[in-house]
Amino acid sequence: MKMTGADAILRTLEALDVEVMFGLPGGAILPLYDAMARGTTVRHVLARHEQGAGHMAEGYARASGRVGVAVATSGPGATNLVTPIADAWMDSTPLVCITGQVRSFLIGTDAFQECDITGITIPIVKHSWLVQDVEELPHTLMAAFHVASTGRCGPVLVDVPRDVQEAEFEFSLPDSITLPGWKPPRRGHSRQIAAAAAALATAERPILYVGGGVLNAHATDELLALAEVARLPVVTTLMAKSGFPETHELFAGWPGMHGPKWSNWALNKADLIVAVGARFDDRVTGKVSAFAPGATVVHLDIDAAEISKIRHADIPVVGPLKGVLAELAKLVKPDLVEGRTEPWLRQIDEWRTQFPLRYREDDSVLKPQRVLESLQALTAGRDDIVWTTGVGQHQMWAMQYLLCDRPRTFISSGGLGTMGYGIPAAVGAKAARPDATVVCIDGDGCFQMTAQELATAVLEDLPIVVVIVNNGYLGMVRQWQDMFFEERFSQIHLTQTLPDYAALARAYGALGFTVDSPDDLDAVLKEALGSGRTCVVDARVDPREHCFPMIPAGAAALDVMEYPAEEKVSA
Amino acid sequence: MKHTLAVLVENKPGALTRITSMFARRGFNIESLAVGATERDDVSRITLRVDCEQHSLEQIEKQMHKLVNVLRVQELPPGESVERELALLKVAAPASKRTELMALAEVFGARVADLGPDAIVFELIGSPEEVDSFQELVRPQGLQELVRTGRIGLGRAPRGGKPRSSQQVMV
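The listed protein sequences derive, respectively, from chains F and S.
This note's numbering applies: residue 717 is where the first sequence begins, and numbers increase by one.
This note's numbering applies: residue 2 is where the second sequence begins, and numbers increase by one.
Treat the hints as calculated values from the structure; they're not laboratory data.
Among the clues, some could well be false.
Label-pair ranges, simulated between beta-carbon atoms [claimed, not checked]:
#	chain 1	residue 1	chain 2	residue 2	range
1	F	Asp-832	S	His-56	53 to 59 Å
2	F	Asp-733	S	Ala-25	36 to 42 Å
3	S	Gly-28	F	Leu-889	39 to 45 Å
4	S	Gly-37	F	Leu-889	33 to 39 Å
5	F	Glu-884	S	Asp-42	25 to 31 Å
6	S	Glu-130	F	Leu-746	55 to 61 Å
7	F	Leu-1094	S	Met-2	33 to 39 Å
8	S	Glu-137	F	Gly-1010	49 to 55 Å
9	S	Leu-89	F	Glu-884	33 to 39 Å
10	F	Ala-911	S	Asn-30	31 to 37 Å
11	F	Leu-1214	S	Glu-32	53 to 59 Å
12	F	Lys-718	S	Pro-159	49 to 55 Å
Values in this document were obtained by computation on a predicted structure and should not be read as measured data.
Every residue gets a Cβ at the ideal spot worked out from N, C-alpha and C, and that includes glycine.
This is chain F alone, in the form it adopts within the complex (with noise of 0.2 Å):
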């Protein structure tokens, strides 16, 4: 069938299953705006600036379990998605960025918006394609998809130059993809996942300390029925958040710089650790020369660069999660296993009941704790609430004190600590899940730097809660120069009422509210959680609340600090 390569791009996201795509267009992508306009099944989200629409594409992924997809033109549009690129790459979110690029012919010769976007990139994409001819563009598009959701999942780019996408061509679907590069393992070494249940047959401290590569890998009933029947401990970190059920006895919470003390503990004294799709980065492990010292590590991973590079691997098992967890689970045999870890969990309880997280209360402030207490009290139980936040104190404080049991209900930019992350998280997360109540916990210096996609939010009719922990700081920048530069405060005081949230988001046509006493708050929370509408709560919180526990930055993640003592137990 005859056609032009915009229409081509369509017709090949369509075979794909694609349901939705977020971007906004220029010059260089208008024919594949036309090619919109004249009919596709794809939904097209509007976003207000190009690196909304790039979080909205990781957003949708990490909600869906499926590829995200963001367009922009070329030139500044494509350089403003290199946040989520970048972002998308640290947390192995899979993303296919499609980007108008220059004619051909002007390629090189510093046109009009022309940028080289595939070279600028090159450090933080898994691969990316300048689409030189018509006849390349569904085989490539093909293949983007493929790159980005196989192996260790990431982002990928496609530059499609306009005349490639105004040229006519005969469009037919390749039958199959060539990349003679791009081979991922299919499946775990069956002799190293027989070494690694020989380890957790004999192991009297075993944990499974998991990441984000167990959502990638759709593999968190497997994960839930090896730790059920070889009765170990699980701590997940940021990005498995919701990757094992919170609620679970096996659970051990949240290890690194701000978890519970009782959950570094957890990990930094067991004897076997087994990392499941984990990959020891600095804030989970402290200084890695006294990580879980006495531990030796199974780690099973999809990418073979991970095993061994920043801890040693005694049992490295390269492979798919979802088939080694289940290989892995079958080996365990429960009668030898019966019983021998229950000292060990009890060891845990302990520690929990020991220390567990604490703040001050105080009736005639709102602390910023007690929000997300609330929020959890309030959506308790619920299956249908997925949580987005943005990066800092308030995106701890969620980590700390949200319980959630279901996969994918957790959204938080980990490796790249993107602020600003949240709002266009949440809005491609509503349209991943229309079910769910989506849910922003916010900072107020991350809502100020994406906050003009409320419009997307409201227009697209992609409702979204967005509850603004406001301290009127930079929060966590403030936490570090009290205690670590000497109270020397540094360009970090935004103010609590500049601009008005409230009436910020009213002005976006959402709902506006503003709470700042404990005694109104549930029931604001319960306005906003029931409206069924776009809303922007502004919580406005004691600016002095630090967040703790804490490992300091280069110490020994068994050194936790945590909140300081004379403080009263909280819940």
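Use these hints to put chain S onto chain F, whose structure you have.
Here is chain S on its own, set in the frame of chain F:
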């Protein structure tokens, strides 16, 4: 410790940039690099020389393998591979020095590629170590310009019995 890596890549735009970018980004240094054609039109061979610890070498190999254009990564272990380099050396050669220079060249099997009234351009093909030696010997004579291709290498031809293939990187 120095290592030689033979990397087969698809002959596609940007393939080399992706590899060198990975080295730069992850803080690995490339000591020498040579790219050229292979027996297949659609495949290029890159010979890389790196100076790093074993742990970094493993990382380099694995990270390269993840690149979509990379088809194969092999280390060429010393003794099990043939490594060569081509050098062109322009040496000051007044009439009084020529005999000495020509004798030196003969020892190394260097050819005269060009001859002028004041200088000679030698061409030398040999192991990179031989090139090093020749370079140092002619330097005091007035080495004016030097260019080296960087080392290229292949696993040695199989001998009788078990083939002595170089070790393929596990992925």
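The hints, checked one at a time:
no., hint, verdict
1, F:Asp-832 - S:His-56: 53 to 59 Å, "34 Å, violated"
2, F:Asp-733 - S:Ala-25: 36 to 42 Å, "38 Å, holds"
3, S:Gly-28 - F:Leu-889: 39 to 45 Å, "42 Å, holds"
4, S:Gly-37 - F:Leu-889: 33 to 39 Å, "36 Å, holds"
5, F:Glu-884 - S:Asp-42: 25 to 31 Å, "29 Å, holds"
6, S:Glu-130 - F:Leu-746: 55 to 61 Å, "59 Å, holds"
7, F:Leu-1094 - S:Met-2: 33 to 39 Å, "60 Å, violated"
8, S:Glu-137 - F:Gly-1010: 49 to 55 Å, "53 Å, holds"
9, S:Leu-89 - F:Glu-884: 33 to 39 Å, "51 Å, violated"
10, F:Ala-911 - S:Asn-30: 31 to 37 Å, "35 Å, holds"
11, F:Leu-1214 - S:Glu-32: 53 to 59 Å, "56 Å, holds"
12, F:Lys-718 - S:Pro-159: 49 to 55 Å, "53 Å, holds"
Of the hints listed earlier, those the structure fails to meet are numbers 1, 7 and 9, in rising order.
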